[in-house]
Amino acid sequence: MAFTTRPSLISRICKGDEISWQDFYRTYRPLILLRGGDYVLREDEKEELVQQVILDMFKRASAFTYDRQKGKFRSYLKTIINHKAIDIKRLRNPNMVSVESDELSIEDFPDLTPDALNNSWDEEWQMHLMVQGLEELKTQVEPTTFQAFELYALKGQTADEVAKFLEISKNAVFVAKSRCVERLQKIIRELEE
Amino acid sequence: MKHYTIDELDAYTAGEMNILAKLKCTAHLKNCQECQALLQQSAKNDQLVERLKESWAKLTPELLDSNWEKSYARIARKLK
Numbered sequence: 001m002a003f004t005t006r007p008s009l010i011s012r013i014c015k016g017d018e019i020s021w022q023d024f025y026r027t028y029r030p031l032i033l034l035r036g037g038d039y040v041l042r043e044d045e046k047e048e049l050v051q052q053v054i055l056d057m058f059k060r061a062s063a064f065t066y067d068r069q070k071g072k073f074r075s076y077l078k079t080i081i082n083h084k085a086i087d088i089k090r091l092r093n094p095n096m097v098s099v100e101s102d103e104l105s106i107e108d109f110p111d112l113t114p115d116a117l118n119n120s121w122d123e124e125w126q127m128h129l130m131v132q133g134l135e136e137l138k139t140q141v142e143p144t145t146f147q148a149f150e151l152y153a154l155k156g157q158t159a160d161e162v163a164k165f166l167e168i169s170k171n172a173v174f175v176a177k178s179r180c181v182e183r184l185q186k187i188i189r190e191l192e193e
Numbered sequence: 001m002k003h004y005t006i007d008e009l010d011a012y013t014a015g016e017m018n019i020l021a022k023l024k025c026t027a028h029l030k031n032c033q034e035c036q037a038l039l040q041q042s043a044k045n046d047q048l049v050e051r052l053k054e055s056w057a058k059l060t061p062e063l064l065d066s067n068w069e070k071s072y073a074r075i076a077r078k079l080k
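Chains as they are written, first to last, in our numbering: chain P, 1 to 193; chain X, 1 to 80.
I should point out that these hints are in silico values taken from the structure, not numbers from a laboratory. Hints are all accurate, no fakes.
Straight line, CA to CA, 35 Å or less: simulated DSBU-like cross-link-like pairs of lysine-lysine:
| no. | chain 1 | residue 1 | chain 2 | residue 2 |
| --- | --- | --- | --- | --- |
| 1 | X | Lys44 | X | Lys24 |
| 2 | X | Lys2 | P | Lys170 |
| 3 | X | Lys78 | P | Lys72 |
| 4 | X | Lys30 | P | Lys155 |
| 5 | X | Lys44 | P | Lys164 |
Bound conformation, chain X alone (with noise of 0.2 Å):
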């Protein structure tokens, strides 16, 4: 039995799976455990994947916005 990637597993959450390659990704997995456990690990990685867009809207552009020759020139003042 030919067993499916996770790179296909992602396809076929995303919905990217054509109508036929659905139904016989549904029908395996019915039946296969293995496939099972990849369908589950991918569902882990997109929630890696929430995460990290979330993570990265929190970034604003003031956050990024770092001059460290300007805070070098102050801290090094501070030091003296």
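Just chain P, with the same shape it has in the complex (with noise of 0.2 Å):
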């Protein structure tokens, strides 16, 4: 995956860059997944989130311009999220469909509580740091420094065992490991600007 901040990412989208919207899709999709079972949805549901999102930005895309001093991409699209969410749940209700989605809020839903959102999106959102910050690592670093640092940091195999395997030494795997958190420390305070 190309690496994108989400100000660059954002400005490829709103000129239209096709692939810069399936870099998006790829990118947010597993958010936005997980978001949709906070809001209790179904399965069908969460797939129907994923493209009404996608959809909004669409429409918004050539309108919109990242101003990271306006606030966070990442509350624009929580947002976003809460409003899609909360229509796909008002149609699933017929005593709600007559209301309009605007009208309603999360206190309206017994099953939401406004706590436990916001706490899960904090933690969704940290995944998905992580997570882009590690596909972004990929790119940066060598395979086998990449693999080393994969092998043993998140996959808990010994320092000796993938020495071993990756026909390294044992103190090349421990250089692996620092290299990449250090780097990664770097790629994730880039993404949260």
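From these two lone chains plus the hints, build me the complex, please.
Structure representation (structure tokens):
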């Protein structure tokens, strides 16, 4: 995956670049699906939520300018997901179909609690950053370095096992870990901006 | 005095040093603030790795199994 900080990705989708939309879809789909779970949506509704959010972004893209000062993309995305998820839940409930979705909020749905939704969003966003960071790290370091880091730090193999498997020294495994962590911290800082 | 690198301190905390090297490192750490700070950094790095592991574990195949072409076609239909 090409490295795209959100501002550059958003700029490119605003220009209608289909590859960037695909990148956007792949980048944010897992996050939106997880979020759909927080709104107690069914599997088919979660997929619908992904499409509704992308569709909304499509429609707004030409008029949207990313401005860091005006609020983070994170909040922007959270709001869109919230509106679309409530729309989907509204359509599920016959008593609410006639109600405008703008008039509804989380409080209108007894199965949702605002605090829990806020907390889970923070956790999911952190997960999103971690996963994106890891994807980017893969493109920035040598394949062996990444593999050593992945096997040792993430998959829990011993340094001896990794060194033997990759035919590198045990010290090289530790070097790979510290280099990858250092690089990852920088990547995540950039993603958070 | 030779200071330890973060890689060596990672090996120390992971229990991957031989007993003699471990004893020397422990003794050094008692008197070296610079290496103590680096050891703390190593612990922070491990916290990040733990968060990474948790995030990675949440990514089920269903979450990653994206079909852009299919979704793109549906979105395009809705746009019309």
